[in-house]
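Participant: Sequence:
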Amino acid sequence: MNDPSLEQSTQSSYESAALTLNAKLPNAAKDNDRGILAAFRRELEQDEKEEEVGYFRPKRWWFTSTAFPLVAGTFGPLANVLSICALLRPWRLHAADGSAISDPGWLNAITALSLALSLIANVVLLANFGHAMRYSIAQPLTIGFWYLASILLIVPLGMTKTTLGLPDIPAYAMSQSYYYAIISACIYTILATLLALNAMGAYIFHAYPASFKPLTLPQRTLMLQTIFYVVYLSAGAGVFARIEGWEYLDSIYWADYTLLTIGIGSDFPPKTHAGHALLIPFAVGGITLLGLVIGSIRGLLLERGRVKVVRRTVTKEREKWIARMDEPDAAWKKEEWEAMRRIQRRAETIPKYYALGSSMFTFLLVWFLGALVFFFTEAAQSWTYFEALYFSYTTLLTIGYGDFFPMSNAGKPFFVVWSLIAVPTVTIMISNVGDMLVGWVRGGLLRVIMPTTDPEPQHVSEDVRRMGSDVEHLGHAVEKAEEERGRGSGLGAQLAREVSRLAREVGSKPAVEFGWEDMERWLELIGARTDTQEQGADAGGPSLRHARSGERRGEWTWLGKEGPLLSGLSEAQWVLQKLCDRLEEVLQEEIGSK
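The sequence shown begins at 1 in UniProt numbering and counts up one residue at a time.
Hints are computed from structural coordinates only; laboratory data are not their basis.
Do not rely on the hints blindly, as some may be mistaken.
Ranges of calculated distance between the beta carbons of each label pair, as one might list FRET restraints [to be verified]:
#1 159 x 438: 32 to 42 Å
#2 501 x 364: 44 to 54 Å
#3 334 x 283: 51 to 61 Å
#4 334 x 137: 48 to 58 Å
#5 362 x 200: 24 to 34 Å
#6 585 x 438: 40 to 50 Å
#7 364 x 334: 37 to 47 Å
#8 581 x 348: 25 to 35 Å
#9 245 x 284: 19 to 29 Å
#10 381 x 155: 28 to 38 Å
#11 584 x 514: 21 to 31 Å
Every residue, glycine too, gets a C-beta built ideally from N, C-alpha and C.
Modelling step: build the complete structure from the supplied sequences, incorporating the hints.
Facilitator: Shown next, in the form of structure tokens:
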């Protein structure tokens, strides 16, 4: 005879489980747009679509579909600031005393029009990223405006030394604004070309949809941080130019090497009390913004590296398992689980080596090429190439002795752009080297010198801790209800005990990895039959330990999209979700059988 109170307790436990799981347990379906593996899952789906129509592998299109628009969005505001610098001062100076030679009005009008078009292009690009404008409209406008802005600068730049109509003075020199105009025109051309390649990939090669995907949080954060940093740099330069009596072009050069912590200091040190006082908050805010930008760039590089490693390795491993999927227990094979473990290890280690190698190569590139440019721009100071290398090296490492610094009108504008690229590159390289050294020390040397058997401390956020505590209490409640019904060794009680145990591991950092024995036990529980199902089975049917649901087992594989590798969840979360789903089914079956 059924006990109504126990049935009511089981019903209450089931309802509590459903509410708790739906509200608090991380859901892979809800988290599809977050995380490295979720990003891989989206790319994998895109891979399959592209392979059907016979195009190149999508890894060749990642740059055009994602990296190129992101570069355009981050460097566009910088190009606008450089255009402002090109407009502020005349392009030619008297060589004798450095006094300005006035530009004709039409030249200023063309330069101002170029700046206006580039600003409009930036606004349209941001609207395109935010899906406020259609890609088919915004993309051609952005490309056209940037190309036109570049042409409006290139034409007068080419005429400056020939038929510009300026006074015919043989002894003249080009100002910083002239070189800022050259750099701006180059950047506009490069950015417009990158977006044109993006459009070609969408419309001509059909490698990806003709739209910008919604930016991920790291990408969106990087764009905003870059815009804030450029605005902060240019605004601060204007304030200090006013306080110290500097020209704005010299002030932005000073603000650049100040916020990058290069601190040359020999050419433009602040001398007023107001300048000394304002330097303190200005430097703190700018260095903080710069650190955030560098952290975002490094995070994007590591994220992309992990996605590429997971994709390539999973593709190779899947080829081995496709032929075996017709075997009865192919999805549960220990070998496939071990393959998943290998992929996880590679996804953690290879991107670090990739990031270190690429950052070191970039460091050498910006060092030697930058020194080559300074060798030519500072020829008036009789720099040798070795001295240019020395200056570039001390600048890259932000040592800033001040014994060498650019003095030419060509060297200062190049220094501003070069340092904004080079110094973050070196910082990222040093961070990558530090990560590798820390990994080696923790993984090998530290264990040899100071071996310990104590487990590594686990750190869990407060929200995750509360969620795990709720699920743990739920498991205890269900287990108690099952024991009161005399089913303490039944499937529901076993599932409840495992749920209580796993709830304590959810959200731990570093994430907990389980052995095959634990996983095998949990998978057997997930696929085991309930007592109600056992009663309808043949007398010689499988036992609780070995009974598995073939239909449920066939829904996923270790290397599949629904397996733990690509689910977007930690192993503890993935197993807990499977156990809770199975517990709900068992409780509902028991309630329905009454």
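Participant: For each hint, tell me whether it holds in the structure or not.
Facilitator: How the hints compare with the structure:
1. 159 x 438: 32 to 42 Å: 56 Å, violated
2. 501 x 364: 44 to 54 Å: 51 Å, holds
3. 334 x 283: 51 to 61 Å: Once the Cβ atoms are compared, 57 Å apart, the range 51 to 61 Å for residue 283 and residue 334 holds.
4. 334 x 137: 48 to 58 Å: At roughly 55 Å between Cβ atoms, residue 137 and residue 334 fall inside 48 to 58 Å, so the hint holds.
5. 362 x 200: 24 to 34 Å: Holds: the Cβ-Cβ distance is about 26 Å, inside 24 to 34 Å.
6. 585 x 438: 40 to 50 Å: With a Cβ separation near 45 Å, residue 585 and residue 438 satisfy 40 to 50 Å, so the hint holds.
7. 364 x 334: 37 to 47 Å: 45 Å Cβ-Cβ, so the 37 to 47 Å window holds.
8. 581 x 348: 25 to 35 Å: 28 Å, holds
9. 245 x 284: 19 to 29 Å: 24 Å, holds
10. 381 x 155: 28 to 38 Å: 32 Å, holds
11. 584 x 514: 21 to 31 Å: 22 Å, holds
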